[in-house]
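J.: Each chain is listed here by its residues.
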Amino acid sequence: MNLLTRDWLLSEAPTSRSHAAWVRRYQGWLQLRANGLAMVGLITVLVMMIVSIAAPLIAPQDPSAQDLAGRLAPPSAAHWLGTDELGRDLFSRVLYGGRITLGMVVAVVALVAPLGLAVGSVAGYMGGFADRVLMRVTDVFLAFPRLVLALAFVAALRPGITSAIIAIALTAWPPYARLARADTLTVRGTDYIAAIRLTGATTARIVLRHIVPLCLTSVIVRVTLDMSGIILTAAGLGFLGMGAQPPTPEWGTMIAASRAFILNQWWVPTIPGVAILCASLAFNLLGDGLRDVLDPKQR
Amino acid sequence: MGDRFILSPRLRMLASSLASVPVTLFGLALVTFLIGRVMPIDPVVAIAGDHAPPDVVARIRDQLGLDRPLLVQFAIYLDNLVHGDLGRSVMTSRPVLVDIGRFFPATLELATTAIVVAVIIGIPLGVFTAAYQGSRFDHVVRVIALTGQSVPIFVLGLLSLLVFYVKLGIVPGTGQLDVAYEGMVPRVTGMLVIDAAIAQDWDSVWDALAHLVQPALVLAYFSMAYITRMTRAFMLESLAGEYVITARAKGLSAARVLWRHAFGNIAVRLITVLALAYAGLLEGAVITETVFSWPGLGLYLNISLLNADMNAVLGATLVIGLVYVGLNLMADVAYRLLDPRVR
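Same order as they appear, the protein sequences are chains A and B.
Using numbering that gives the first Met the number 0, the first residue of the first sequence is number 0, and each one after it goes up by one.
Using numbering that gives the first Met the number 0, the first residue of the second sequence is number 0, and each one after it goes up by one.
Fair warning: there could be bad hints in the mix.
If you only want the chain A side, here are some residues facing chain B, beta carbon under 10 Å, derived [to be verified]:
1. 110
2. 234
3. 275
To be clear, the hints were calculated from the coordinates, so they are not data collected in a lab.
Built from N, CA and C at the ideal position, the CB exists for glycine as well.
Looking at chain A on its own, in the form it has when it is part of the complex:
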């Protein structure tokens, strides 16, 4: 099987539909690989994902094991990043914190992207009244700054990880709907959609099989660029005491709990801060590169 040879992947004359798709993907990958900053982002994202998933295997200590005698210790061989205000191992807590932050991000995206795609593509394809109503609804949600609306939602739902996820998702979906709608509008009137309609395809089939796949590219780019915003909002909620609650090792919550120690043990709140910065910067770098490859017009 010549599936993964370079020639096959760079073939000028693809032999099948899936072959053509693979050629396109491989060319995109080559373009992405040439972008150094994007690759730094990609590798950081992958490392963080793997490390978070494997946290129980890697973490040297239980993230909630307290040792009040050894609290606020500077980094040492026993505690690579020192200990926090209750003597818990910071390195282990940062690792477990990655599970929570990245888990929240994945949950938000899993809720938001399909919802935004559905609303946007249906509104764009149907047009008329449905379009106007759906777009008005997105207008209303876009009229609040994201963090402020999320804060109000969380306050109503009571603080916690689940509420934070729901609140961020509720505030994050409108741009996706906008994007999907704009993409749908450009393909709605094309001949091939008309041809599919002539063959008797139902609206649901046209939207699901022919419109949604075309919107996916811009949605993927947007998701990657949005990740950093979601991370910052989640951490911000945690910092303001409205996200994950102590003793959960969420990065923003950890900073809020230890901010009083910044004067003398500056590394305690700084280390989770660096973790947030790395995660969000990595997604931004990757998103920037992906946008150049997949969607040069969207700037």
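Once you've looked at the hints, dock chain B against the given chain A.
T.: Frame of chain A; chain B shown alone:
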């Protein structure tokens, strides 16, 4: 004669963007109302306390209209909003609108300073990175800008307090004014720097400015990053335009081509970016004000949240939403009025 009453296309577009505002405002009110309804805090208990006698509870329920259908309650809520009644804050026991009037100017002062800084730094950076695309300067600025969009503002705030206040001691700490000057400045606008200047109390002006610098710079970083990136993207497009080639071919100086011909064509589009950046500062202000104990709307919102003071939370959310909508509308109108291509 008759066609004098037919609106020009430009005015018609203006009218349509104005017409969408009431719908959005209605939606804003609906969202805050619904959030207020699903909250787990019993508003009666919040007012009367845990051990209120049953007849008091019943009377307050009746007063608040909590026994009536949801639709009627929403109508009452809307009516109150139209009359500027956002309810009373449980924490300060003042009407929420009065509280917001007290806290908002400080946010305005902070956000306006931040946007001015962000524009002064961000736009030239964007223009020059576009002019020298691919250079080392471009890459360095790109990383600085991406970092600005990635760094959590509370980490930046805490670290800058650590470095510039604690270690170097070149800026004053948190708050809006030193304790020594507290209460010395008569309140006129609520913006301390301006109030102190009106009172010609130059010591206070200096102290207020010194307190303003750090939070404003921290807050400005994010917007600066955004403005730089957008300016660069617009400029790259503009620099590729044929009018730029023409201007160069005529032998105009590089500076004139860059600023007058290339930048002149994107200035109007930047207005939208600036309005969005300014609106985004409201969000950053919530966190910045918490870190720097800056007595603005963000701090008020956060303290109310921690005290489960729902009237205050919803009132502040609504007002921030209103400002957001207002800014977007202004950007929209300015864009349509100023850009000759939008017709």
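J.: So, for every hint listed, does it hold in this structure?
T.: Hints versus structure:
no. : hint : verdict
1   : 110  : 18 Å, violated
2   : 234  : 5 Å, holds
3   : 275  : 5 Å, holds
Hint 1 alone, counting from the list given before, is not met by this structure.
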